[in-house]
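Student: Bring the two chains, given one by one in their own frames, into a single complex with the hints.
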Amino acid sequence: MSGKMKCEAKVLSQELLSEGIYDLWLQVPFAKDVVPGQFVGVFPLNKATLLPRPISICEVDTNGSAIRLVYRVVGSGTAEFALYQPGDYMMVLGPLGNGFPLDKAAGKRAVVIGGGIGVPPLLETAKRLSKAQGSKAPAKISAVMGYRNSDTFLDDEFTNFAEVYVATEDGSLGTKGNVIDAMKEQDVPCDVIFACGPMPMLRGIKAYAQEKGIKAYLSLEERMACGVGACLGCVCKTKEVDEHSHVKNARICTDGPVFDADDLDM
Amino acid sequence: MNTSVEIAGVKLKNPVMTASGTFGSGMEYSDFVDLNRLGAVVTKGVANIPWEGNPVPRVAEVYGGMLNAIGLQNPGVEVFAKRDLKFLEGFDTKVIVNVCGKTVEDYLEVVERLSDEKRVDMLEINVSCPNVKEGAIAFGQKADALFDITKKIKEKAKQPVIMKLSPNVTSISEMAKAAEAAGADAISLINTITGMKIDIYKKKFVLANRTGGMSGPAIKPVAVRMVYEASHAVKIPVIGMGGISNYEDAVEFIMAGATAIAVGAANFHNPYATAEIVEGIERYMTEQGIGDIGEIRGIV
Ligand SMILES: Cc1cc2nc3c(=O)[nH]c(=O)nc-3n(C[C@H](O)[C@H](O)[C@H](O)COP(=O)(O)O)c2cc1C
Chain U
3 MSGKMKCEAK VLSQELLSEG IYDLWLQVPF AKDVVPGQFV GVFPLNKATL
53 LPRPISICEV DTNGSAIRLV YRVVGSGTAE FALYQPGDYM MVLGPLGNGF
103 PLDKAAGKRA VVIGGGIGVP PLLETAKRLS KAQGSKAPAK ISAVMGYRNS
153 DTFLDDEFTN FAEVYVATED GSLGTKGNVI DAMKEQDVPC DVIFACGPMP
203 MLRGIKAYAQ EKGIKAYLSL EERMACGVGA CLGCVCKTKE VDEHSHVKNA
253 RICTDGPVFD ADDLDM
Chain F
58 MNTSVEIAGV KLKNPVMTAS GTFGSGMEYS DFVDLNRLGA VVTKGVANIP
108 WEGNPVPRVA EVYGGMLNAI GLQNPGVEVF AKRDLKFLEG FDTKVIVNVC
158 GKTVEDYLEV VERLSDEKRV DMLEINVSCP NVKEGAIAFG QKADALFDIT
208 KKIKEKAKQP VIMKLSPNVT SISEMAKAAE AAGADAISLI NTITGMKIDI
258 YKKKFVLANR TGGMSGPAIK PVAVRMVYEA SHAVKIPVIG MGGISNYEDA
308 VEFIMAGATA IAVGAANFHN PYATAEIVEG IERYMTEQGI GDIGEIRGIV
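These protein sequence lines are chains U and F, in that order.
The first sequence begins at 3 in this note's numbering and counts up one residue at a time.
The second sequence begins at 58 in this note's numbering and counts up one residue at a time.
It is worth saying that the hints were derived from the structure and are not from the lab.
The structure presented is a predicted model; accordingly, all values stated were derived computationally and were not measured.
Check each hint, because a few of them may be wrong.
[To be verified] Covered stretches of chain F (in silico footprint by chain U; criterion: 3 or more residues with CB under 8 angstroms from a CB of chain U, positions within the stretch not fixed):
1) 119-131
2) 246-259
3) 324-334
[Unchecked claim] Here are the computed lysine-lysine pairs in the DSS-like style, where the Cα-Cα straight-line distance is at most 25 angstroms:
4) F/K234 - F/K175
5) F/K68 - F/K213
6) U/K133 - U/K110
7) F/K70 - U/K250
8) U/K239 - F/K175
9) F/K215 - F/K70
10) F/K213 - U/K250
11) U/K239 - F/K254
12) U/K250 - U/K110
13) F/K175 - F/K213
14) F/K259 - F/K292
15) F/K159 - U/K239
16) F/K259 - F/K70
17) U/K239 - F/K261
18) F/K254 - U/K49
19) U/K250 - F/K159
20) F/K199 - F/K209
21) U/K129 - U/K110
22) F/K215 - F/K292
23) F/K234 - F/K209
24) F/K199 - F/K175
25) U/K186 - U/K106
26) F/K159 - F/K208
27) F/K213 - F/K234
C-beta atoms are modelled at their ideal positions from N, C-alpha and C, and glycine is treated no differently.
The following block holds chain F by itself, in its conformation from the complex (with noise of 0.2 angstroms):
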């Protein structure tokens, strides 16, 4: 049984990530999953300085899932560089680096100090973030500003870069067709869905930046929809995530269209998730006579 895929020439012996911001860089979850099982682990969105993200309340459970509006806290790169890849050299798996900027030129910084890090194997460039003020989430809803940026990282980028793109836009199609059509090697969705909710005997947002992510099981079709959308529009693999939390939800993201998906809140529930996704994927070829997962990839 081949359960290996091909995302610009790296190989991961399996189709499953984690979805970056629920997984840190691997270390908080190694008690309870042995990361060589996973096909990536995706890192929690770094930047070329260190964010302080939003105030508290930063999460909030909604039904069938959750919002956060963490803010994208994170210590910088060069301390991610020193501390988190180093934690991650032991490990036999492939390492994705989520970017995160507000400008341009904070992308490429962060693009450009990670060039040479031997440990990283991709870049997934965060432009699809909702919960930060400052323009970022601009790059992912228009398509002529997806094109540019996607254009200067790849000029500048040794590794191959993934453009991760936001639902929360009105054509999907249309921005994966730009992240292609400016050199992106491959695209991964959905980011978040906005969303916000409100305590009604408070009479007050429940989160402090007002608004949030939505993710978890509730999103599920609306980014199983997606992922078919916009791997019918463009070439390149496509990586599926959205309220992924077991094995069968895997499954209908790769006939949907993905090469590969990503597990994200669901690891805050059943924090095995990724792991038992893996076995359950595997069991379900066996059952179903499957030789090869590209045999399913976009059967429907």
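Same shape as in the complex, but just chain U (with noise of 0.2 angstroms):
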């Protein structure tokens, strides 16, 4: 049913986009199935780790059959896969997770917003809303990027499918502040809203969707270990008892990781 497998990957490339920021590009069997918002398992070859790390689709080539991840060197794990070159093989699980509900973008004005390395999933995401036809399409898409500083990265890319906006904290691009100050400032134009990055942004998204009445549809993130929803390692509350797990605990991993911010209890 879902096409879920653990495969060699190719390396296609590898380039570093911003200091700590690297982009890699691999050739995967699964590429067509990608819904954006979907992520991969990438396992280190280190004999001495165990867990698949979860890391965003960032892009998709379907044509290629190729997969593009942009990730942050965070530990051993990322450190390793930093290495790869073009032609070496990696060990990937995917695709895991939901992906966000684009249908619910038809004749809205979407926003994607991303905090970050929140922001590489909603590339893919703006480029599936821009290519939406007829009836499906958004009435307009909008970006807003927030980031630390002017270090900035795929911000330029976004301009292709979305009007963007751009937040730093220390105010050297953009609107000084987070995403939430570049929204009010530059008053953009949102009637549902696509969102990943760290807790608190999410959470300032969603009292600002439920101060606009607007829905909006949160990435979540969490420590996992078997990435397919059988461990209940990485799950988040919610208000309501959910199908699954029958107790406030919906697992980020398969429920996930995107959710309706209305369903969570943050």
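Tutor: Written out as structure tokens, the structure reads:
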């Protein structure tokens, strides 16, 4: 049914995108099945490691059967990934998770919002939204990105698909402050939100969406083990008892990572 | 070639099982593995009522393994019976239901609720989860408490009972003997070893629960030693687990005395692990000229 697999993935290219941020293209058999907002688990070869590293899918090349991962080096596993060269093979598990419900943007003014290393999955999201046809097409697509400083990444690529706004914590580029500050200052037209980023940002977006009476779909992150919904390691609190767990815990790796903000107890 | 093994009159087509809590009820891994290939599916611990489990983070990687403090989140036996057992109906494998509780009464309620469920071939009683505060672990750490709960469960249970033992004890032989004396049909070990991880930059515990159970390849030598000791202490079958990732590991446990083996954290690294281990054991037996898996059990 779901077509999940663990397989070898050939490295097509890898470059440094920004300080500590890498840009990797991998050839995988499941590229055509990927929904924006889904992720893969990448396994370090280091035998002392056990668990896959969850990394969101930034872009898909359906012709070339390839996916693009833009990730930050945060530990020994990702440090190993940064060493891979074109022609090398990595082990990946995917595609994982549910992805963004793009149909919710039909006829609406959609805004994709990314914070830091939460920006990458929104690129394919914006791209697919811009390709939607007829009644499925959004009325408008905007992208709001938050970074620490002017050392930004990927923001230039969103201009192909969306009206782009940037916020930086130090004010060195765009609006000084966070993504909500940018939304308010720039008066970004918004009927529906797709967002990924750190928890405080997502909480802020949920509050903003509630205040405006609009829908927000948030992609969450948590320490994971199996990645396929079996171990119950990566749960988040939900308002109602959920279908799978029968307690107020949903599995981020399979019921998410994308949730309707209204369903979450944040 | 005969790979089948028997535990309390239940015949498994091969000695490979899933370790409780690492495989759900098989649903999630049926994308990767043909469940019909497995000796048994051992399900995630189930209690009389739904349990919320612990706050996150619940998992952390450590050198050669992982820590978990899931806290036995489960939907309760009623939902489990209607959904998970129903799902397993279609498969030609044995089903072992892992049971957890906070009090003796909790355990007995689950055991009774399952007693007429045809799909349940055996019960595995988890008296050894290190992640639940309310005393359940005490059943697994004191021989007299273990004897007591085993006896009470045996009085009520209609299916064979496997007592799952904790490695966090002074003498595993003594615990194994207590379970046997109380009438357990088999024992399984090891559950996870209590561990801890600290983030030196955040200056905090990595797990919200502070401690977690360690599993994975790094615990294998400890598990092999305990399986060896336990299988020499008792006559009932021993199910071995702890760090098994490939057929070589599985054979090692069988040689230490295990009748069957279970694969846990290795599923997270390799979702095909269980089926690959079944094939690996068959290949090994052919290469080594072993006609019956029983020939190598406890051979060392
Ligand atoms: C995420 C996780 C959840 C577990 N949940 C249970 C459980 O519900 N009941 C139980 O008896 N053991 C549970 N265990 C313990 C395993 O069944 C097994 O005894 C232990 O992990 C050692 O095997 P391994 O090294 O192959 O993982 C769990 C282990 C892990 C890693």
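Student: Determine for every hint whether it applies to the structure shown.
Tutor: Hints, verified against the model:
1. Beta-carbon proximity to chain U at under 8 angstroms applies to 7 residues in the region 119-131 of chain F; the threshold of 3 is reached and the given coverage holds.
2. Interface restraint, the region 246-259 of chain F with chain U: violated (0 residues with C-beta to C-beta distance below 8 angstroms; minimum three).
3. Counting residues of the region 324-334 of chain F whose beta carbon lies closer than 8 angstroms to any beta carbon of chain U gives 6, which reaches the threshold of three, so the coverage claim holds.
4. A C-alpha spacing of about 30 angstroms is found between F/K234 and F/K175, which places the hinted pair above 25 angstroms, so the restraint is violated.
5. Distance restraint check for F/K68 and F/K213: the Cα-Cα separation of roughly 22 angstroms lies within the 25 angstroms cut-off, and the hinted pair is therefore satisfied.
6. Taking the CA atoms of U/K133 and U/K110, the gap is about 14 angstroms. The hint holds against a cut of 25 angstroms.
7. For a cut-off of 25 angstroms, the pair hint linking F/K70 to U/K250 is broken: about 38 angstroms separates their Cα positions.
8. This hinted pair does not check out: U/K239 and F/K175 have alpha carbons roughly 35 angstroms apart, beyond 25 angstroms.
9. For the hint linking F/K215 to F/K70, the alpha-carbon distance of about 22 angstroms falls within 25 angstroms, and the restraint holds.
10. For the hint linking F/K213 to U/K250, the alpha-carbon distance of about 32 angstroms lies beyond 25 angstroms, and the restraint is violated.
11. Using a Cα cut-off of 25 angstroms, the hinted pair U/K239 and F/K254 holds, with the two alpha carbons roughly 24 angstroms apart.
12. This hinted pair does not check out: U/K250 and U/K110 have alpha carbons roughly 31 angstroms apart, beyond 25 angstroms.
13. A C-alpha spacing of about 16 angstroms is found between F/K175 and F/K213, which places the hinted pair at or below 25 angstroms, so the restraint holds.
14. About 49 angstroms separates the Cα atoms of F/K259 and F/K292, which puts this hinted pair outside 25 angstroms; it is violated.
15. Pair hint F/K159 plus U/K239 holds up; C-alpha atoms about 23 angstroms apart against a cutoff of 25 angstroms.
16. The suggested pairing of F/K259 with F/K70 is violated, with an alpha-carbon distance near 49 angstroms, which exceeds 25 angstroms.
17. For the hint linking U/K239 to F/K261, the alpha-carbon distance of about 22 angstroms falls within 25 angstroms, and the restraint holds.
18. Annotation: proposed proximity of F/K254 to U/K49 holds, straight-line Cα distance about 19 angstroms (limit 25 angstroms).
19. At roughly 20 angstroms between alpha-carbon atoms, U/K250 and F/K159 fall within 25 angstroms of each other, so this suggested pair holds.
20. With a CA separation close to 16 angstroms, the supplied pair F/K199 and F/K209 stays within the 25 angstroms bound.
21. Of the pairs offered as hints, the one joining U/K129 and U/K110 holds, with about 16 angstroms between alpha carbons and a cut-off of 25 angstroms not exceeded.
22. Using a Cα cut-off of 25 angstroms, the hinted pair F/K215 and F/K292 holds, with the two alpha carbons roughly 21 angstroms apart.
23. For a cut-off of 25 angstroms, the pair hint linking F/K234 to F/K209 stands: about 16 angstroms separates their Cα positions.
24. Distance restraint check for F/K199 and F/K175: the Cα-Cα separation of roughly 33 angstroms exceeds the 25 angstroms cut-off, and the hinted pair is therefore not satisfied.
25. Restraint check for U/K186 and U/K106: the C-alpha separation of about 23 angstroms stays at or below 25 angstroms, so the hint holds.
26. In summary, the hint linking F/K159 to F/K208 is supported, as the alpha carbons are separated by about 17 angstroms, within the 25 angstroms threshold.
27. Taking the CA atoms of F/K213 and F/K234, the gap is near 21 angstroms; set against the 25 angstroms cutoff, the hint holds.
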